[in-house]
Amino acid sequence: MTSAATQNEILLQIRNLNKNFGGLKAIQDVSMDLPAGVITTLVGPNGAGKTTLFNLITGHLIPTSGTVHWLGKPLKGIEPWKIARMGIARTFQDLRLFSHMTVEENIMTVMERSSWLWQGGRTEAEKRVSEILEETQLAYKRNERAVDLAYAERKFLSLARIMASQAKLWLLDEPASGLDPRSFERFVTLLRNYAARGITICIIEHNLDIVIKLSDRVAFLDQGKLLAQGSSQDILKDPHLAAIYFGDRS
Amino acid sequence: MLAYLQNIAVLFCINAMLALTLNFIMGYAGIFSLAHAIFFGVGAYATAYIAMYFTDSLLICMSASILISALLSMALALPALRVRGEYFVAASLGLQVIGVTIFSEWKSVTGGLGGMIGIPRPKLFGYVFNDDGMFLLLAFVMLLIVIGIIALLVRGSFGRSLMAIRDSESAAQSYGKHVNAVKTISVAVSAGLAGVAGSLYAFYISFINVESFMLETSILLMAMVIIGGTGTLFGPVVGAALLMSLPAALTYLPFLPPSELGTIQQIIYGLAMVLLMMFRPGGLVGGRSREKSA
Amino acid sequence: MLFVQLLANGLQTGALYALIAAGFSLIFGMTRIFHAAHGATFTIAGFIFYELFAILHWALPIAAIASAAAAGLFGVLLDRFVYAIIQRHEGSFFTVFVASFGAAIVVQNLISIFFGKGMVTVTTPLSKSIEVMPSLFIAPISGIIILCAIVAFLILQWLLTRTNLGIALRALGENPNLIEVYGLTPRRLSQYVFLIGSILVVPAAILTSATSGLNPSMGNHVMLISIAATIVGGVGSLRGAAVAGMLLGLAENLCLAVIDPQWSEAVTFVILFLFILFRPGGVYGRAIVS
Chain F
1 MTSAATQNEI LLQIRNLNKN FGGLKAIQDV SMDLPAGVIT TLVGPNGAGK
51 TTLFNLITGH LIPTSGTVHW LGKPLKGIEP WKIARMGIAR TFQDLRLFSH
101 MTVEENIMTV MERSSWLWQG GRTEAEKRVS EILEETQLAY KRNERAVDLA
151 YAERKFLSLA RIMASQAKLW LLDEPASGLD PRSFERFVTL LRNYAARGIT
201 ICIIEHNLDI VIKLSDRVAF LDQGKLLAQG SSQDILKDPH LAAIYFGDRS
Chain B
1 MLAYLQNIAV LFCINAMLAL TLNFIMGYAG IFSLAHAIFF GVGAYATAYI
51 AMYFTDSLLI CMSASILISA LLSMALALPA LRVRGEYFVA ASLGLQVIGV
101 TIFSEWKSVT GGLGGMIGIP RPKLFGYVFN DDGMFLLLAF VMLLIVIGII
151 ALLVRGSFGR SLMAIRDSES AAQSYGKHVN AVKTISVAVS AGLAGVAGSL
201 YAFYISFINV ESFMLETSIL LMAMVIIGGT GTLFGPVVGA ALLMSLPAAL
251 TYLPFLPPSE LGTIQQIIYG LAMVLLMMFR PGGLVGGRSR EKSA
Chain G
1 MLFVQLLANG LQTGALYALI AAGFSLIFGM TRIFHAAHGA TFTIAGFIFY
51 ELFAILHWAL PIAAIASAAA AGLFGVLLDR FVYAIIQRHE GSFFTVFVAS
101 FGAAIVVQNL ISIFFGKGMV TVTTPLSKSI EVMPSLFIAP ISGIIILCAI
151 VAFLILQWLL TRTNLGIALR ALGENPNLIE VYGLTPRRLS QYVFLIGSIL
201 VVPAAILTSA TSGLNPSMGN HVMLISIAAT IVGGVGSLRG AAVAGMLLGL
251 AENLCLAVID PQWSEAVTFV ILFLFILFRP GGVYGRAIVS
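Protein chains in written order, with the numbering used here: chain F, 1 to 250; chain B, 1 to 294; chain G, 1 to 290.
To be clear, the hints were calculated from the coordinates, so they are not data collected in a lab. All values derive from a computational prediction rather than experimental measurement. Hints should not be assumed to be uniformly reliable.
Covered stretches of chain B (in silico footprint by chain G; criterion: 3 or more residues with CB under 8 Å from a CB of chain G, positions within the stretch not fixed) [what the hints assert, rightly or not]:
{"hint": "1", "segment": "128-137"}
{"hint": "2", "segment": "187-194"}
Listing some non-contacts, in silico: residues in chain G with all C-beta distances to chain B over 12 Å [to be verified]:
{"hint": "3", "residue": "6"}
{"hint": "4", "residue": "36"}
{"hint": "5", "residue": "57"}
{"hint": "6", "residue": "58"}
{"hint": "7", "residue": "73"}
{"hint": "8", "residue": "82"}
{"hint": "9", "residue": "99"}
{"hint": "10", "residue": "132"}
{"hint": "11", "residue": "155"}
{"hint": "12", "residue": "160"}
{"hint": "13", "residue": "191"}
{"hint": "14", "residue": "221"}
{"hint": "15", "residue": "226"}
{"hint": "16", "residue": "231"}
{"hint": "17", "residue": "251"}
{"hint": "18", "residue": "267"}
FRET-style restraints, in silico, Cβ to Cβ [what the hints assert, rightly or not]:
{"hint": "19", "chain 1": "F", "residue 1": "127", "chain 2": "B", "residue 2": "145", "range": "51 to 57 Å"}
{"hint": "20", "chain 1": "G", "residue 1": "113", "chain 2": "B", "residue 2": "211", "range": "18 to 24 Å"}
{"hint": "21", "chain 1": "F", "residue 1": "237", "chain 2": "G", "residue 2": "88", "range": "27 to 33 Å"}
{"hint": "22", "chain 1": "G", "residue 1": "274", "chain 2": "F", "residue 2": "23", "range": "39 to 45 Å"}
{"hint": "23", "chain 1": "B", "residue 1": "74", "chain 2": "G", "residue 2": "261", "range": "28 to 34 Å"}
{"hint": "24", "chain 1": "G", "residue 1": "88", "chain 2": "F", "residue 2": "46", "range": "26 to 32 Å"}
{"hint": "25", "chain 1": "B", "residue 1": "145", "chain 2": "G", "residue 2": "88", "range": "40 to 46 Å"}
C-beta: ideal position from N, C-alpha, C; glycine also.
Construct the entire structure; sequences and hints are all you get.
Encoded structure:
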């Protein structure tokens, strides 16, 4: 894997982003930077707009106003598959694995970017697939269909896909929810490895324990507005934010 | 007897080709088309027209059939695939209906309701396939080629892209798959190869008319794919064999009134479709392979 | 004058199509099931009416009610015994559609075994055209058709907005989980949807039996109209489907002024293609995020 950026270089820039659905202001004037090598977690109550923000970055939704820049290029109006090929990848809360394909095929197909019929560099690819299977400890399941995997294995397959995508920005939607403690430790280690290699990681997470263990930085979103961002210590210790998070609005 | 068997064998090759190509988009891409008979027909009419008025060269006629079928399918696919898959069903149904009307009305090209008569046998490097046995060989070789092409596509990266899109279009898109391009190419391949079947059909029977390309045929092809098993390479071939032997098998049952055999056949495969979807959605070859998503 | 005649015919056809399309759209919009057997429901309703009224000479209202019962029963049974099982283990669009399609084929062919493949009609004095104005012929039955359609839609409107059942049905389309709060199950509600959606085609079937006649494969045409109207009107919008049905009926008849009859079915699809190309959300439908 080539390291694309020096530690903490800002690769994703969001400026004054707004998204309205009719009268509903889903995202209001959000500005944020996601630096390389840092794991940022998006927290906030349900309906705060976290997934909407992801969709705005990946091109599934078009901003009403404001900009998103990746590696200096504006993303507005570019189709999702093109944005994906620019190095941005995401996972879904409901995983959306390629259910009837095997673990190996799930990984391989992500590596095969182009839709053309023949691909070069087979041995390279096979090596990388084996590497990923090792890292996610899915090697023994390589020929199992995704739909037949256990819960934790599916979570790791979802991660394996994003690892295979060679993306430099990972948007993970509740990637660790429901994992048992051992699997969770493995998960965190894996993420940290990749962050160390210069990947920009942004995670949506509800479970505060997970947030504390995983994040370097936290961004708090509520009703479409970015209320605060900073180190996880600062954000999570703020009583005002805690009140909002747990439903107390004053 | 030999002539009878040869006849069945050629028709089997043609039907198998049609079922295989339909399965390519239905089983592997998850695109449902009710218009497959039209691409079959376009291939047949294209070959018939060229063979009768220009040249009986196998290469030229068949290439034309492939090209015209593929291009027509892209005209359908490009707009219709931009929206949800359900709409493609509707659009394909529309194409089937309009296609039949065009086949029946465009007298100068298709011969209208009367069809086209007297299509010559094809010529390849100077050899004319007048002998039925040799034609069977030709049909069989074409079938193998079609199987080969489909297998190559399905087992390689294109096939994986197709199946990824089938299993989760949004995820496929999020991982860089150009969904529309992949779907359009698969539809074009499916239609183009169906055109091969049409070309062979026109050459073999030497008479074609709109009756072979109506909704009933599209439905029969769908039944072959479903009953044999979607998403498997040989399922459609099994389905083709089964459904082709159905009429013959039914004649052995004495209590069935002969005039109703066609109707009863349809009832049988209608029932088979319902029961299979309830208990064995993967078809006879595929089994229970269509379980819930991960 | 020809134009006015075509317009009158178009209104009659349009009213029938509006009813049929509303039934399909109700089912598809609320259960997400592509009920390809909707055309079969229509055929069953029509032929049962024909058998009871024209052959066995039952009284018209009783024959009509019996035919409605048959249609409703067919829809509910299909949902209960086929769709329910499929949805339990997998329920993808493909599987449901194919099963539905298979059922439609079985019904179509069973009917052709009992009634033959040809056209049958119910003759009533009401279908005799009267020259209302010079070269404008309208049969009293057309007025009845349009009246029926209006009444049916008013009842449907009342049902969906004023009754608990109706509100629950609308919730089914938007957010199935909400229903459990009311102590209902999506399964049970889905059966109501199929009952109502299937009965909606009955007036159209009965009236068609008295006007253009019935044949076993007419279900195909009914499906064509249902799908086209649902898409053109906008998926999820009952009003849209009804309006689109009316539009398609009018278009189908008015275009006869310029083209041959065998192309009139194609007109429906040209309209459909245009909408898919330029306005896939339909007239009233939700915007499609692909």
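(message) Checking a non-interface call: every C-beta of chain B should be farther than 12 Å from the C-beta of residue 251 of chain G. Is that right?
(response) Correct as stated: the minimum Cβ-Cβ distance to chain B is 14 Å, above 12 Å.
(message) Would the non-interface assignment of residue 226 of chain G survive a Cβ cutoff of 12 Å against chain B?
(response) Violated, because the least Cβ-Cβ distance between residue 226 of chain G and chain B comes to about 10 Å, which does not exceed 12 Å.
(request) Please count how many residues of the segment 187-194 of chain B have a CB within 8 Å of a CB from chain G and say whether that reaches 3. (result) violated (count 0)
(request) Confirm or reject the claim that residue 237 of chain F and residue 88 of chain G have a C-beta distance inside 27 to 33 Å. (result) violated (48 Å)
(request) Could you check the hint for me, namely that residue 145 of chain B and residue 88 of chain G are 40 to 46 Å apart, CB to CB? (result) For residue 88 of chain G against residue 145 of chain B, whose Cβ atoms are near 42 Å apart, the range 40 to 46 Å holds.
(request) Quick one: work out the minimum CB distance from residue 132 of chain G to chain B and report holds if it exceeds 12 Å, violated otherwise. (result) Holds: least Cβ distance 33 Å, greater than 12 Å.
(message) I want to verify a distance hint. Is the separation of the beta carbons of residue 127 of chain F and residue 145 of chain B within 51 to 57 Å?
(response) At 34 Å between Cβs, range violated.
(request) Mind verifying the non-interface call on residue 6 of chain G? Its CB should be farther than 12 Å from each CB in chain B. (result) holds (20 Å)
(message) Minimum C-beta separation from residue 221 of chain G to chain B exceeding 12 Å: can you confirm that?
(response) violated (9 Å)
(message) If I take the minimum Cβ distance from residue 267 of chain G to any residue of chain B, is it greater than 12 Å?
(response) For residue 267 of chain G, whose nearest Cβ neighbour in chain B is about 10 Å away, the distance does not exceed 12 Å, so it is violated.
(request) Determine whether the non-interface label on residue 58 of chain G survives the test: each CB of chain B must be over 12 Å from its CB. (result) Fine: 27 Å to the nearest Cβ keeps residue 58 of chain G off the interface.
(request) With 18 to 24 Å as the target window, see if residue 113 of chain G and residue 211 of chain B comply at their CB atoms. (result) Given about 21 Å between the Cβ atoms, the range holds.
Consistency with the previously given hints fails for numbers 1, 2, 4, 8, 9, 14, 15, 16, 18, 19, 21, 22, ordered from lowest to highest.
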